[in-house]
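Colleague: Hey, can you piece these two chains together into the complex? The hints should help.
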Amino acid sequence: MNVIPPKKTTEKKKLPIFCNQCVAGPDLMMVEVEDGIATRIDSNYKIGDAHPGGGPVCVKAFGLIQKTYNPNRIKQPMKRTNPKKGREHDPDFVPISWDEALDTVAAKIREVMDSGPTDESGFPRIAATFGGGGTPTQYMGTFPALLRAFGNVDFGFGAGQGVKCYHSEHVYGELWHRAFILTPDTPLTDYIISFGHNGDASGGVAGVKRHADGRARGLKRVQVEPHLSVTGALAAEWIPIKPKTDAAFLYALIHRILIERDWRAICDMPFLQFDTSAPYLVGPNGYFLRDPENRKPLIYDLADETAKPFDAEIADPAMEGTFTVSGLEAGPDGEDWTHTGVVAAPAHQKLIDFIRPYSPEWAERECDASAARMRQVADEFIAAARVGETIEIEGRTLPYRPVAVMLGKTVNNGWGGYNTCWARTQLMCLVGGLEVPGGMLGTMVKLNRPAQERYLSAKPGEDGFMEYPFNATSKNEWQRNPHIRNAYRTLVPIVGNSPWSPALGPAHLPWLFLKEPPDHWPKPTRPDLWFCYRTNPAISSWNAPEVAERVAEFPFTVAFAYVPDETNHMADILLPEATDLESLQLIPLSNKSVEQMWTARGWTIRQPAVGGVVDCKDMTDIATELAKRAGLLEKYNEGINRGAGGARLVCDDYDYGLDESVAHPVEEIWDRVAKAASHELTHGEQVVGIDWFKENGYMLRPFPQLLWYLYPYLKDRGMRFEHPYQERILRHGTQLARRLHEIGVQWWDRQLEEYEPLPTYKPFPDLWIEHVRDAGKDPDDYPLWAITARSMQYSWGANAGIPMINEVAQNVTGHKGVIINRQTAKKLGLVEGDPVVLESVTGQTKGYAVVREGIRPDTVLMIGQFDHWKMPYAKDLKLPSLNSLTPLSLNLTDASGSGADLCRVRVIKGEGPRRQSS
Amino acid sequence: MTARWGMTVDVNRCVGCQTCTVACKHANDTVPHVQWRRVLDVETGKYPDVERLFLVVGCQHCAEPPCVPVCPTGATAQRADGLVTMDYDTCIGCASCAVACPYQARTLVHDREWYYGTETLQERYVDHPERMGVAQKCTFCNTRVDDGLEAGLKPGIDPDATPACAAACIADAIKFGDFNDPESIVSKLVSEKPSFQIHAELGTDPQIKYLYDTPTVPGRDPDAADTDDEALSDPENPMVGPLQTFWDMRAAMNFIMGGVGAGLVIAAYLSYLIAGIGDEAMLGLLMIAGLIIAVGLFFVWLKIGRKLRAPLVILRPNTSWMSREVYAVGLFYLAAIADWFWPGAVLHLLTAVAAALFLYCQVRILHAGMGIPAWRVPVMPALLFASGLLEGAGLLAVIYAFADMPANGWAGLFEWGALTAVATGALWLVYLVKAKSWGIPPLSRAVLNRVAPWVILGGHAAPLALFAAALFAQPVSLFIPGLAGVLTVAGGAFWKAVVITRAAHQQGFALAKMPRRGSGRYAAPSLVEAA
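Quick note, the sequences are listed as chains A and B, same order.
First residue of the first sequence: 1, per this note's numbering; consecutive thereafter.
First residue of the second sequence: 1001, per this note's numbering; consecutive thereafter.
Okay, chain B solo, but in the shape it has when bound (with noise of 0.2 Å):
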């Protein structure tokens, strides 16, 4: 049988001393402020109920990694075993795996440091230039895994065939071994001891499992001030998941753009079948459009760390809605470039649908981020594309202002608006209210709610009114409909720039169970009776 590598931490061993932590960065040349194996320092309760815990964290080798459908080249891969690897060399550091993995677990470095400030002999011998810009994370030693099968060791056992961190560790905290195999040390340990997963209700299956009891020891479940709104809003618990950096102004303009182009197609196509406005309107409003989406993909590509492996992102259409991204924008440009040669209804609509895809992908791409709560949920497909659909017809409208369009050439138009602007004010109710049910953290959600009077009254509610407006008032004013437009393309730039760069914390940490230990109610129970 195959093997199926994992770990168990005790975490009433575990004295949070960072032997583990130091060990694999010996043992994986990581650079300043890389740490693919760290060890949290928990503090829950208040004064004098408070209890203290040491938590292992990393990456879990996911049994269903969010992080390898993800990959857009194939970098990041799951092996037979279980393991979940790295290839440097194909990676083109687009951060999806980043933003998909629950667990913080995966770091980009764009900026080489030194220690000392300065390059030591030490780093130069150590330096590992085929990962900067891309991603990297744990890999549990595979290579020490492997080599020691080869040489006939047991990994878990032998401490040359086991992962540094494991070897390491002074408490015997961290114990390796083969979940597949009854007699391994860890199917022992989670078959004697309850144990859980780590947001196991991501269904991620983390092959990480900690053991949370002794026999003096026996655990609790979490209660409300070990996870309530207050703690979790502490930036400074390192239960907290920080502000995601992986993806920055220039993914939201990805994002922002391909919305707002791919929208003006679905409008522009809707405004020729019913304004029927004509071949050479529709083939201005494509070039528009596919103008405006090659910006948002320029910035992308601005963003990603090894600029030059950029095609390598077509490999991974099977999994990665990033590929096919590309397959749907580039199905999009050969149609609307066929479609100025050849104009037409097919190819007219050949791009709406391209267009569609291509707005579709872009909205897989954000909800596959499954490590931030804020894009995960599950409103946010609907709510993307809605929005996308809305901000294209706003920005109709806008060209429509200002071009000399007969009143004709409106039809259909503000009903569009008017019935997307509904749709995505309502999605983006409900994206509020259900936000923290649906976990997302509370650093997320008062961002979220700051700007939500902004983004409904202004990007929803006033487009809705003036779309109403522009449809009742005879003649039609260039100027409602106008402005109805500038706020949907705004609004819609402005939320997603917010959820994407301001309210995208990470998944912080959360204990499915916590032994019973600290001082007052936490304490252990006595060993006899109250005197």
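This is chain A alone, in the form it adopts within the complex (with noise of 0.2 Å):
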């Protein structure tokens, strides 16, 4: 089968194409291609520093020829022939051509929605899934508007979202200052405490660069984790600490600051008294103490001793103490208590009394980190943070804070990730450095609106904060029955209602509830049709092997397919679209993500570097036809000239709109996009087509740098932070609490107890331990912490069936096996190589000890998701997973819906050889 014509060089060029494969992306590179053969990858150097990583791509782009070539990927559309689904059993693909195939998923989308737009539960009967952070929204072409087309359709059956990301910090940092990511603003910061913040493995081109050309300088990193990784590596320090335990360490910091040290001294006072919420007044029942008449909350003056609304003109406002004063209390349920009289304490006595406890001691207790260590690092913290200094950028005068506090995901995922979240933001007011230059930034938004600008979604809303689209939990506006099968805006407030919600949503909940159906709650039901692309939830989800019996339960399933993979194992139709040499696309360039604060801003192009590989096809002549055949047509141009495609097509300022009556060609359908985004990009002076983009990669225009800052913005708008003290969180998950009371809903509560104003520390191990006694099993047989890292190699990138991604991954440690400390494998009679065998209460996973010394003695780790049983070449890797041994558990899942990678296990010594030395 495999024959290979001899080689003729006659043509050879180089094509500009971008790498999107993670979430820090896009970064561009070019194509080489000789003879139509794809042969090299290398940077496009031409775009220079105008990209903030300067130019270079990273080592997953160099996967993508062999991804290309890869003889294992599916090489026509495919059929299912054997009705039983399951790992056990064999699909029986057969080769079917494309008419078939697109005839076959347009005759069932039909079907569908002509049954209804939902269930009889009241869910989608069409349900999706993507994986990689968004990333497929870079790669899809115009499915996103055949998607729209359709009207109804569930998004929310995760793949791993909510385990994989950063989720505490998207949902609550995009309700303190519109960040979805965080970031230092790296290029200006000196100080960095990163608790298993992997950036420099994650964070990718811009974020390396950055915080390289940051050490060169002089950048300190403390890396707080239980493993040495990748990042902890560059650090100037690790410290060592127990898994989930972060927040003890976080809050002795603060404790430090406000209890041991002269806080009105080093605290930036001016940003805590005038642009947070610190000195707004705390009523007896927890809520704000407003003014009865404007319900504004109030403020102390100690100038004229007087309680002002926050907006008045205030000269002295009180930060400590308590006051007698008259007000009232705006309490859940639209409940108001009126006081005369009544002693109130600003938020930040409040603060202040709660973090008494959390010293250093405590914390040494509870983290297993020094004291002495943790008292130096909030001196070095302060010390770093130039309290008082100030910096111009672009001709404005800005408060300079040079300091920032990482979250790695681990951290800031499932639960404690709110008393992370929450004490790194404080740890930031105390200094005055959010969103200012050198302190910590967000970099976009995906829960608020607009989208495309973080500053314009900062609108003022009630009580001088930000306005956020939280779901409601009142009485009449709370929505009873959820809409998709994972319930986000009915049991997750601060989640949201966007497009991004329902990944960000509790994602892995519909997998559990399909095998476990709660009480009160409507009967969870299987899609009727199910979409994946560049997604593999059989490998990537908590409890893996129990995902994929669900996926395996669907009843058609349409997997745009690569090569075969555990979840497209279970699909009916298999349809190979063009992959990432193969198709084109135009997306947006800049301002999004990780560490990506750029000076510029713009487009740039994929485009088919070769074709003919397999009979694929691109993913926006997949949509057209679907749309097509399924008589979606009109509605799916539609929704392509409103913007599907990453532009709108038409607006006030120009029409370059599509006949939405006919069926248009892909290079049509993006010539038109290309020509609307360069017309808006460059308001009109400069409107190109596609074959321009295709010559020329990109497009780019200068974006400020004052804009990567929300403080100029707040300030100028007279808004503050709302920190410390999270009057809506309490309110909110009071109502939720009765709402989901009144249908008899007791599932939630440990959930609803998260919703405190001042989230008390929990010893979070604890959780995990606890899951193992309520299996049935003594924790003294699983003694170890089983934990995840991530690898630049392989994230977000779907390459593990790529032999020269493995050949270089090689040369990073824990690419071989579990990482484990040498004292424990030495307990264990374990050596470098040894085959081991890892438990959870959950599932097993199997794979060989790779011995170090950098993790702690009572942590296992193993890198990024493999445990493939299918995927041709990842099979024979014989690398375990953490997804093959985490619960799917409704215990384990915190407030915001998610939960975190991490669970007890037991590694015993495995049978068969030792692996072989490298």
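In case anyone wonders, no lab produced these hints; they're calculated from the structure.
Ideal Cβ placement from N, Cα and C applies to all residues, glycine included.
Careful, some of the hints might be misleading.
To give a feel for the contact side, a few chain A residues facing chain B, derived at Cβ under 10 Å [to be verified]: (1) Glu34; (2) Ala61; (3) Asn70; (4) Ser229; (5) Pro284; (6) Gly286; (7) Gln376; (8) Val377; (9) Ile855.
Modeller: Laid out in structure tokens, this is it:
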């Protein structure tokens, strides 16, 4: 079969293409093509310093050649002939024509849509799952327009969302400072405390470059984490910490500043007094004390000893002590308490009282880091913060606070996530380092609108804070019946209701509920039609083996399929889409996601460098064909005209709209998008078509650095940061508890406890130990923590089946098995390369011991997500996966709807020979 | 002024991402498992005092490259601008350069592999059949540099004129430039910041210079935990050199047969001088020695990657001991043939001199393996030479034991055997005792220690005792010198096989300086006084 014609170079060219395999993209590369064969990848250095990474692409991009020529690719559309689904059943896929495949899928779409938009439980009949933190959007062409044409789609079946993302940071970050992702203002930062944040593996080229530049000029990072990660390696100091106790460390830092040191002398008082809610008075019921007339929160002015609305002229806002004042508290469900001469305290005093018990000595017992070091870190943080200094950015003088606190995935994910995110934001507030040069910045919004302009989403709301799109919890507005299966609007007020909210909701719950239906809840149902694209939930979810079983129960699955994998093993139709080097799309370039603060913005292209490797189709063509065959063409084209391709084709300034009644070829569609995008970017000065982008690769225009910082924008509009005291969270939590109890739901009670205005520390590790006990097992039998870490070579890349990536990843420790501390290994009788079996109460996974010193003796670590049993090449790697061990569990789900990549395990020596030394 | 191309690598920038590794693979089309550029993931210390760092390694384009003079064909050469280059069409695949390199920078691929098991279309387009069976290594992307210069670009500044790894480095950890240009980025970096070279003590003057400190992460000296025998006994430690696989038993056979053959010629000539064995016996012994040497050479020919190019081995007598070995052995065979036709004292002497030269060349070939600490030690030339003499004496004793030798025919042989046994045994003891201080790594030393009793007792002490006994035993028992001879030949073959194929771990990597960072006592100093 594998007939290779002889080489005969007649034509050689280089094509510009973007790489957006990970959330830190896009980055730009050149694909070298000889006689239509893609031969090599190189960076597109032309962009240079206009890209914050300076031009180069990372290691993953170089895997795309082998991705294209992978002989294991699905070579044409296939249909399943074995009706039995499951890991143990061969699907017996047989090749079919594109016509048959598209007709089959279109007929199914029609059939399902004709049955009505929702099923008997009120859930959408069509569901779709995408992987990789939103990266599939950068590859799926106009497929979003088709999804939009369906009208009602459940995007809530997670593939690891919530588990593999910075979940609490996403939701609380957006609430507090429009920060779906947080980043230090790395080009200016001098000191970073990083709790397991693995940015040198996952921060993309911009992150790596900026931190490397930072280190070279003296940026100091202290890394607090259970295992010495790639990022920890580059830190000035590694402080090993017991998993899931980061909040204790953070609380001790705040304690050091507020209780042990003279906080009035070292904190940024003007920031706290005038830019946060720290001086807001809190009444006896725990709600802000408000002016009875205008219901504005009150601040006590020491200058004239009067309580005034927060936006009045206040000379000297009181920060500590208690005051006898009058006012009203606006409680839950419209309940008001009116007080006359009641004792109230500023939120900052509440904070001081709250943090008092959390001394470094207390934290040392909790988290196993030394109290002395915690004090020193707090003092270093204060010293590096340069409170009082300013810097000029583009002509505007702003506070200069070159310090930051970063949180890793398992740190801000699941239980404890609220605490760590709150404490981090609090630390930044104490030094006035939120959204100012050198400090902690958000890079984009996903839950607030407009999504394109973060700063514009900071609209003045009530109480001097930014508006926030909480899902309603009031009696009249609460959505009693979940509209999708993960019920994010019903259960998680803070996740909002944007197109991203379904993925940010409790996206693992649909899988769990299908197995264990909860009480007083609509019957969990399976979608009649499920699309999956660039995702493999049967590998990437918690308890992946169980999720694979659920996937097998879905009646009709359409999988866009590159190679056979563990999820499309259960599919009914496989559609091989044109992959990275074979397809056409224009995407926005700039200001998004990880470390991507740019001084330019624009658009970039992915174009077909090669064709004919297999019988695949561009996603845009697939979407158009399905729309046409399912009778959805007009709605689909309308969606494109309205911006489903990334840019609106029609607006007041221009009209590049498509005729909505006919199907358009992929080139035509993207030509229109190119014109609209370039028109919008250049205000009509340089309108270019797709051919221009094919030639030039990208188009950029300047973007002001001043807009990296939200602080000046808020300051100009009189808004304050909503910190430290979380009155809205308290109110929503109280109301949500009432709503759920009113319908008899008790199973979310543990989550409801998390709605505290100041998040109480709990011994979070105990929850996982308790989980072992709940499973009827003895916690002593599972003595170790199992955790995971990202790998730059693999993360988000869906490239586990690419040999060259595996080859180079082998140079980085942990890509050969389970990292285990040398002393622990010795006690277990293990040496390097020994086969091991890891068991949790949920499952087991197998691999080889990788014996290292840079990990706590009570912890083992598995990099990435492996344990493949179907994907060619990957299944032969014999790499373990934490996902085979972690449970799907309600008890381990926090109020934000997420959990953590963590569980208790035991390690036993496996059978078979030792891994061959490399 | 001619350029001196080189690199700086900042270990406080490098995050070990392997983008350079894979960019190099793309730019240079290397085959599976061949990495001209790679990044090691290094861990030192013991929990809770641990440091981890990433170390970019590859060809160092040494100013004094040990790989160049050893090349017998000139395939490996150094350009005026310092780049150490490879001519695949001239290389015979003898791997002398590979064992001479103390940076594990060279690879030989004998069996073509494909990434997916079978060839893909793309692999067909980037295939380099000329690299099969020959040495390959990083070229500092010399064609990018040359083409770039021709196009008016500046290497180190313009990515297209810069080695792929440096251009691709996402952390700006690898910088390329001209060390002879004080304005180049690399010159500026090494003048502004302290740096070190890997294994500068070997005199190679490598042109990759490593930067190791920042304003908040000072440098430190390696401490005991970084370099102790336990850490360096872990084969998974990337700082530990692996066992070389370039020279196997086929190569060892040349040293074994060459040593014993050349030693036999010398012993025979001594016997001719002292015992007066006569021309006929001398010629017979020369024939045996010539055959033995030829077998050794045949084995080494079997080992080279490009067998048909073997004649090119004569091209570099000015620097290569391998070329000289061929001339020496040629001289020996010419002398021996001439001796056959015109037997006499002068030609006998010439064969002995040629054999000694040949043996000396062999000795120097192994000693030039600078990349193998167990070979490059100062005692190795004397040891190998002495062992060859001893083995030759031993083989002569075996031959005499089987031949019908008059009593006076043994004259001098026992003394010669005893003398060379004492010398070889003493040198072996020195080799063992000084192994650690000479930098032979723990894994190699463990092998040497394991075989030492057998080698010294069986290969040296026992033959010495037997030769001594033969001296005093009257009449001579054929068994005693015969056994001594068998032991010397077997002992020599055994230890050479061991040293060449088992105790031959490549030079590992070592850092002259480390960044002071990590946990516990390795942590960088605090910015503030302790509370």
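Colleague: Please go over all the hints and tell whether each is borne out by the structure.
Modeller: Hints, verified against the model:
1. Glu34: Where the cut-off is 10 Å and the nearest Cβ of chain B is about 5 Å from A/Glu34, the hint holds.
2. Ala61: holds (9 Å)
3. Asn70: holds (7 Å)
4. Ser229: holds (9 Å)
5. Pro284: violated (37 Å)
6. Gly286: violated (34 Å)
7. Gln376: Given a least distance of 5 Å, the restraint on A/Gln376 holds.
8. Val377: Holds - the Cβ of A/Val377 comes within 10 Å of chain B, reaching about 9 Å at its closest.
9. Ile855: Given a least distance of 7 Å, the restraint on A/Ile855 holds.
Consistency note: the structure conflicts with the earlier hints numbered 5, 6.
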